[in-house]
Amino acid sequence: MGKRALVIAIAGGILLAIGLPGLINRLTQGMLNVGWSTPIPWAMWLAFYIYFIGLSAGAFLISSLVYVFGMKRFERIGRLALFIALVSLLTALLFVWLDLGHMERFFFVFLHPGITSPLAWIVWLYTLYLILLTAEIWFVMRPSFVHGAEGRGGKARLYRLLTFGVRDLSPRAMERDRKVVWVLATIGIPLAIAFHGGTGAVFAVTIARAYWYSGLFPIMFLVSALASGGALLTTVVAFIVPNGLGEYQEEVIGLGRLLALLLFVDFLMEIAEILVSLYGTVPAHFIPIYEQLFGPNWWIFWILGMGMGLVGPMLILTFPGRKSAFWTGVAALIATIGFIGIRWNIVLPGFAAEELPGIGRAFMEPHWVYRFYSPTWVEWGVTFFCIGIGALILALGLWLLPLRAEEARA
Amino acid sequence: MYEDLQRALKKPIHQRHWGMVIDTRKCVGCNACTIACKAENKLPPGVVYNVVIDEEFGTYPNVARRFISRPCLQCQNPPCVRVCPVRATYKRADGIVVVDYDDCIGCRYCISACPYGARSFDFGTFYTAGQTPEVAPWDVMPSFEYGEEVQREPGNPWRSPIGNARKCHFCIHRLEKGMLPACVTTCIGQARIFGDLNDPESLVAQMAASPRAIRLKEELGTEPSVYYLL
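So the protein sequences, as listed, match chains A and B.
Each residue of the first sequence is one higher than the one before, starting from 1 at the first, in my numbering.
Each residue of the second sequence is one higher than the one before, starting from 1001 at the first, in my numbering.
Simulated from the structure, these hints should not be mistaken for lab results.
Owing to the predicted nature of the structure, the values given are computational and were not obtained by experimental measurement.
The C-beta atom is built at its ideal place from N, Cα and C for all residues, glycine as well.
Please note that a few of the clues may not be correct.
[Said to hold, decoys possible] Stretch-level coverage of chain B by chain A, calculated; a stretch enters the list once three of its residues show a Cβ under 8 Å from a Cβ in chain A: (1) 1082-1095; (2) 1148-1161; (3) 1194-1203.
Starting from the given sequences, assemble the full structure and let the hints guide the process.
Below, the structure written as structure tokens:
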């Protein structure tokens, strides 16, 4: 294992250990000790879920540049993009699963789905996507598995297993694989747009929350997914892959250009949403925006979201990042973290305005708290745990899987 | 109202449309409806089916108050039902929106989707758990929502209705025994009128037709079955 993958694994292990008490509390006590309440029913876990789902959709769509559009420039990082998409998807699903009041009933959505519910649609789409993504990864990596299976030791044994007995590397078989990958990746594009646009639609169709009820929302989800997924991929290539900055300089700088554009489009959409709502002083539109900008959590908008997520990386990418892989990597890293703020501010401000004026003062009971939300240790614990699991899977993949195409030939 | 109720119960279920009219001029903001509901349905802390919103206008000494008491409005086009991913919440033939506790997965999409804040999540709280040496017997008494014995169990988050979305159901269990909802029976000013909106003879249908009648957030197209008289 590369040294950097080891660092990721250790960091993941530490996060997991810190989060474990929170997870245990969540599993034994249910939602008794969470900070969210009936008036703020979706909070930190939902924000992280859409964050990771966005990372997955973004990384996957970027991989399609290679596998659908045949862009030679990014060919060497195609596998990594696919694997990041898989890891992010699994992390996201873990978050949303732990967020359910009755985790053990999740499969009801397959048994008796509500066909009018965007939430049901996206669960079905995630499932399809998970199958498709796994299959695509297998087809892309199969030649490397076959090559790797020849040696001795544990890794060769694993690769022998992973070939599933399909060892044919003749030009005809390779051509067939290439076609299968193309078909899968091509189906994947509308699928990724559907499931992530659908995740946006979960929010956008909610007439009760004027902040979400906007046709721009699903589109914003897609653009910011591409931006955040691109940022994570760039970060991983630049800083986690051994000698990434040297060996993959071209790819990192190329991704940086793409990232700058995506960040700019996302920035425009954010500004459009904010200015329109601020200008018209309709309370249901105005309060969520006002709370974001000037409320107690102003820093999530200004520092994390706008500063680190959008404007900061845009500036770095335009000036020092244009020619330097290192600075591009730095910008991508900052953006990857900053996007957590953007995701947070998609979910939480939706609940800033009372459904009926004065309802927040009508009642005084635990878990019936309007406007105020602060995550508890249980929520932090579960969050650390899920991210830890994601980090561990990532490290495991970096260690075991042929994520770099040239590894196969070596 | 009792006669209206008996008449409605003789009809097949799909011909009834249970509805309510709340006369804001008669409401004094005493919260008797809220308390009756809590007691009738044995609602734990944080689970609130009925609220009385107290609004104040103006600055002292020129102040006016208004009370809006709000059960679930039992929308005929309910946004909460449309978004349920597992069909655990649905509208009955008589217009009442119900939750099947055994099907609900606790995703809380319905809570987000309700424009009236009428749904609650059951976090598994009890009034006396952790506060006194023992959980008080009255704290674990079953309720009879939906005509079933609904038993909450302290410390067991896997057992419904803990971990579910819950809401006002116009006391179906009482209606089907020929009784009015608890909040209607208890209202000291008789501000709440209940009955079958499909029956033109009923008091509720006549009051709902009054020019004083409005419905909350009518512009959302939710078609509530609860009317307010201004």
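For this session: Sort out which numbered hints this structure fails and list those numbers smallest first.
Result: 3
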